[in-house]
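*Asks:* Residue numbers (the working numbering): 238 to 309.
Think of the hints as simulated: they come from the structure by calculation, not from any bench. If you're wondering where the values come from, they're calculated on a predicted model, not measured in any experiment. All the pointers check out, no bait thrown in.
Under the rule of at most 30 Å between Cα atoms (straight-line distance), these lysine-lysine pairs were calculated in the DSSO-like manner:
| id | residue 1 | residue 2 |
| --- | --- | --- |
| 1 | K239 | K296 |
| 2 | K268 | K296 |
| 3 | K268 | K239 |
| 4 | K239 | K273 |
| 5 | K260 | K239 |
| 6 | K296 | K273 |
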Amino acid sequence: MKYTNISIENFRDISHLSLTDFKTINVFVGKNNCGKTSVLEALFVLSGPTNPLPITINKLRGYKGTFDKEIF
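Produce the complete structure using the sequences and hints provided.
*Replies:* Rendered as structure tokens:
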């Protein structure tokens, strides 16, 4: 799946963000704690509930919430 643009609203510390004109390879650059990982996690969530990556991320972070049980 290739994204061409996204809009993120009220996700983690992002109140509103619009990104447009994605290319085949995109690089997010910025200082620590500015939201780069939050943008990537929003893309993972957008990819759907059967994507194992959000489950893996939450397990690595020790999160025991919605993704605690395997859904496949």
